[in-house]
Structure formats: C-alpha cells, structure tokens
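Here's the letter readout for the chains.
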Amino acid sequence: MISLHIDKIPSLLGQIIPFIPVTLFVVFISSVLGSLLGGAIARLLFSQKKLSRRFAQTYIYLLRCTPPIVLLFIVYYGLPKLFLNLFEIDLNVLDKLIFVVISFTLLFAASAAETFRSAYLAIDAGQTEAGLASGLTALQTFWRIIFPQALRVALPNYCNSLVNLMKEGTLAYTIGLVDLMGQANLILGRNYGNYAIETYLSVAIVYWLFVLIIELSFNMLERHLAFERLPKKAKEGVHGYPVLD
Amino acid sequence: MDIQYLIDTFWLSLKGIPVTLIITFSALILGTPIALWFAHIKIQQIKFANKIVNGYVTLIRSTPMILQILIVYSLLPSVLNRMFKNLSIPFDIFKVNPIIYAILVFTLTAIASLTEIYRSAILAVQPGQKEAALASGFSERQANWRIVYPQALRIALPNLCNLVIFLVKGTSLVFIMTIKDITAIAKVAASFGYNYIESYLDVLLIYLIICSVIQFSFYIIEVLLDHPLHKSKKYSQWRLAHD
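Quick note, the sequences are listed as chains A and B, same order. Counted from 1, the first sequence has number 78 at position 78 by the working numbering; the numbering is strictly sequential. Counted from 1, the second sequence has number 52 at position 52 by the working numbering; the numbering is strictly sequential.
Here chain A stands alone, though its shape is the one from the complex (with noise of 0.2 Å):
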C-alpha cells in the first residue's frame, strides 16, 4: 500500500554523506565560539554592576525566545543591510556559512551561559571560601576549585544544547547552504520531487546516528569523570575532610 523504496536509501545515503562535514563544521565551530560567548555572558550573570547583569539577562532572554529560522533570515538579510548602511562594507559577497555560522553561534551561547550558570551555582559556596581561605586567589580559586567541579556538572545540560545545537542547524538549508539537508533537497529536485520520504529518512538516519554518537560520548565522558573513579585521596579526603562533596 505504501509504495517505500527501501532499496533506494543507501544509493541516497551515499549521495548526502559527503556533505556531512559541512554540518559538522557548522556545529563544531558554533558550540566552541557559542560557548566562549556563553561563559562571557555567564560572567556576567555574575557582575557586580547591575547593567551588565540586565544586559546578560536580557541577552538570555531574548535568544530564548527566537525562533531559530527566524533569527537566521534575520543575521542573513539584515547583517549586510546594516554593514552596507553604516560602513559602507558589503558583506554579500561572503559564504552563507558565515551567516549560519553566526547565527547558531548567537543562539548556542543563550543556552550555553545558561548551563554554566546552574553549574557554577550547583558547586557549593563552601569551596570557593576553602579555596579564599587557603590563599589563592579569586582567579585561581575558580580555575583550580570551581571550573574543574562544574565541568562535569554543566555536562549533561551541555550535551542536551549540543543535540539541539545539531537539531536547529539542519534549518540552514533555509538561506541556501549546501549541508546534509540542503544536499537532500537538491537531490529531491533533480529527481523531479520523487522519492521525498526516501531522501528525508536518510538525512533522519544521518541525524539519529550524529545525537547517538554525541549521547554516547557524553555518557562515556559522565562516567569517566565519576565521582567514584577519583583517586582514593580525593574521595577519602585531607584530615578526614573529604575535598568533594
């Protein structure tokens, strides 16, 4: 009854992985400039001035409620207009990639700063004064006490944005670029629009493979940084104390 041409998938398949680097790239590059902006805006969340707090807040809270397509055609159609307007630089000439590139950026750094947020907030107040209290300073005390321990606590929330990051990057293939989904819809129209379903699973098999790898790496990560796998002296403690909670 449902004519599924099973035995098209893999010639379809072959067809769009080629293009898996290009999302990868988007993703990979977006989650490390995201994150450098989210750690910047989760400091900041942390400010003593209350202007910079309301700016982070605003920031958060504004990405959290954007739609990403429409953020996207936003950065793809205003970004030129308004380079163009005031300094007279015209960025049409630069690879859709860019645009994509800044646009999942702006929107992973969102939910980025709010995971490191909950992390930093998860660790308890008590290290940071152990850590003042011993002679370190602010700085080292956090690089040192802090980050280590909120690191494997942000990494679950941090592995959910990465699968979302992955999710709303398939959208790109709205402005034109060439990836996993823009291949698929390129192949849809060279075959006259037929065997949709068949083309539309593949890239669905790409994608559940991808959150499958980035899941299990995660996971494998957690564990690894377990608070059983630490060395004895951490978890027995100095003096009886123990140094982790």
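None of these hints come from the bench; they were simulated from the model. Among the hints, erroneous ones may be present.
Partial pick of chain A residues on the chain B-facing surface, computed with a CB cut under 8 Å [stated by the list, open to error]: (1) 67; (2) 69; (3) 73; (4) 74; (5) 78; (6) 81; (7) 83; (8) 121; (9) 143; (10) 196; (11) 197; (12) 200; (13) 203; (14) 207.
Across the chosen pairs, the derived CB separations fall in these ranges [unchecked claim]: (15) 83(B) - 10(A): 24 to 32 Å; (16) 83(B) - 189(A): 25 to 33 Å; (17) 192(B) - 6(A): 52 to 60 Å; (18) 147(A) - 217(B): 33 to 41 Å; (19) 237(B) - 14(A): 54 to 62 Å; (20) 137(B) - 129(A): 49 to 57 Å; (21) 17(A) - 18(B): 40 to 48 Å; (22) 12(B) - 226(A): 48 to 56 Å; (23) 87(B) - 94(A): 53 to 61 Å; (24) 137(B) - 50(A): 53 to 61 Å; (25) 209(A) - 217(B): 50 to 58 Å; (26) 18(A) - 192(B): 33 to 41 Å.
Since this is a predicted model, take the numbers as computed values, not measurements. Note that CB positions come from ideal geometry on N, CA and C, so glycine has one too.
Once you have looked at the hints, place chain B on chain A.
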C-alpha cells in the same frame, strides 16, 4: 528601514497568532493522555512496552523537527489518499486543512517530551505520599489522581513552560506545510517589496510577546499553586540565589 511597512506588517502578522496557539495547545492536550500512559510504562518498567516507549522517545528527540514535518507532510497525504481510494470512500484528502498535519507532527513531538517531563515529575513526588494514600484506603487510581498527579503537576510546571515555548518556537516552521502562520504572513507581505528584514523583525517581536505572555502566565500559576511553606524566608533566599 520602512517604518510604516514595519507597523502595517506587525498588525497583519498578528492574525497568525491563533494558528500558532491552536497547534501548540492541541498538541499539548492531545499528547497528555498518551504521555501519561507512556510515563507509567517507563516508571513501572513494563518489559516489552518500556523498550518501545524508549525507542519512540529517542527517535523523536534525535531527529530535527523540520525533518519530521517534511516526512509527515510528504508521506501522510498520499498514503491516506490511497487508503481512501482502496476503501472507496469519497473523500478528497488534499482538501483537508494542512493544520491537521501540523497538529499531528507537534503532538508526536509533544508526546516524547511530555513523557519525560511527567515521568520525572511523578518520580519527584515523595513515595511516602502515595504510600500514605494507599494506607488510608485509596485505590491505586485514586491515589494517583488525587495525591500524586496534583503534586507532580506543580513540579512539572517549569519544564512544561519550557516545552510550550519550544513548541511555539517550532511553529515558525509550519509555513513549509503551506499554513498561514505568523512567519508565512510576514514572508508573503515581504515578497512584494523585498522588505524581508522588517518582516522578520515583526515576526521576532510577535514571538517575543507570545513567549513573554506564556512565561508570565506560568509564573502566575506557579505563585498561585505554591505551598505556603514555599513562601518561607529560606525558600525565597534559595530562589534569589537561583534566579
């Protein structure tokens, strides 16, 4: 920047809000009973069903929403059409409002997320609550509906708010199914004079308003439902530290 166009399109695009809300809330309402059932299967770890539910949740959560939309929209109408023809039912499937397909896709997504939300919320209710209910002579069903679910609902609210916002944001993709939602209206308006930036700024503004209203209403519900204990000084300090 064409300010007059910006204002005109804003009012024009507002007409898409009912579509967005209908899709979101139909998905939530239709998904809730199934999600509750799935959540119970996962909690009680019923042998075979547990595997199926897990597979379903992972499958839905690991594929992009746009792919789900495209797959359903390219698969379902032709399959249904053939089915109706085989059964010789005189019904033109291609005249059905595409919003039905959108509701279907969003319900499938909502079920996957709701299952996880309800499961974690039900597990977060202290087991003593249910034991106490059973000990005072409640049946299993009564204990669930009168003791566990009301408390679980309160625990689930923040996650529900997140899900509603996620779904509302997701509806910006239904223009692919030729549904006249906010994005579609703004896009059509922009195509006359190539005012894409103004249009998308309008869309952004409308989504901002919708999401703000949703977040505010959830906040109000949370405040109203809060136990007096939660208004204690210790709790408010905890909230301050986390907000």
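Supplied distance hint 53 to 61 Å, evaluated on CB atoms of residue 137(B) and residue 50(A): For residue 50(A) against residue 137(B), whose Cβ atoms are near 56 Å apart, the range 53 to 61 Å holds.
Have a go at the residue 67(A) hint: is there a Cβ in chain B nearer than 8 Å to its own Cβ? Check passed: Cβ of residue 67(A) comes within 4 Å of chain B, closer than 8 Å.
Quick one, is the residue 81(A) hint okay against chain B at 8 Å, beta carbons? The hint holds - residue 81(A) has a Cβ within 8 Å of chain B, the shortest such distance being about 6 Å.
When you take the CB atoms of residue 209(A) and residue 217(B), is the distance between them in 50 to 58 Å? violated, 39 Å
Please verify that hint: residue 200(A), Cβ, nearest Cβ of chain B, below 8 Å or not. Interface hint status for residue 200(A): holds (5 Å vs cutoff 8 Å).
For the hint on residue 203(A), does the least C-beta distance to chain B fall short of 8 Å? holds, 6 Å
Within 52 to 60 Å: is that where the Cβ-Cβ distance between residue 192(B) and residue 6(A) falls? Given a distance of about 44 Å, which is not inside 52 to 60 Å, the answer is violated.
Hint check: 8 Å Cβ-Cβ cutoff, residue 78(A) to chain B: holds, 5 Å
Status of the residue 121(A) interface restraint (C-beta, 8 Å, chain B): holds, 6 Å
Within 49 to 57 Å or not, the Cβ separation of residue 137(B) and residue 129(A)? holds, 51 Å
Please verify that hint: residue 83(A), Cβ, nearest Cβ of chain B, below 8 Å or not. Violated, about 13 Å.
So the hint says 53 to 61 Å: do the beta-carbon atoms of residue 87(B) and residue 94(A) match that? holds, 55 Å
Hints 7, 9, 17 and 25 from the earlier list are contradicted by this structure; the remaining hints agree with it.
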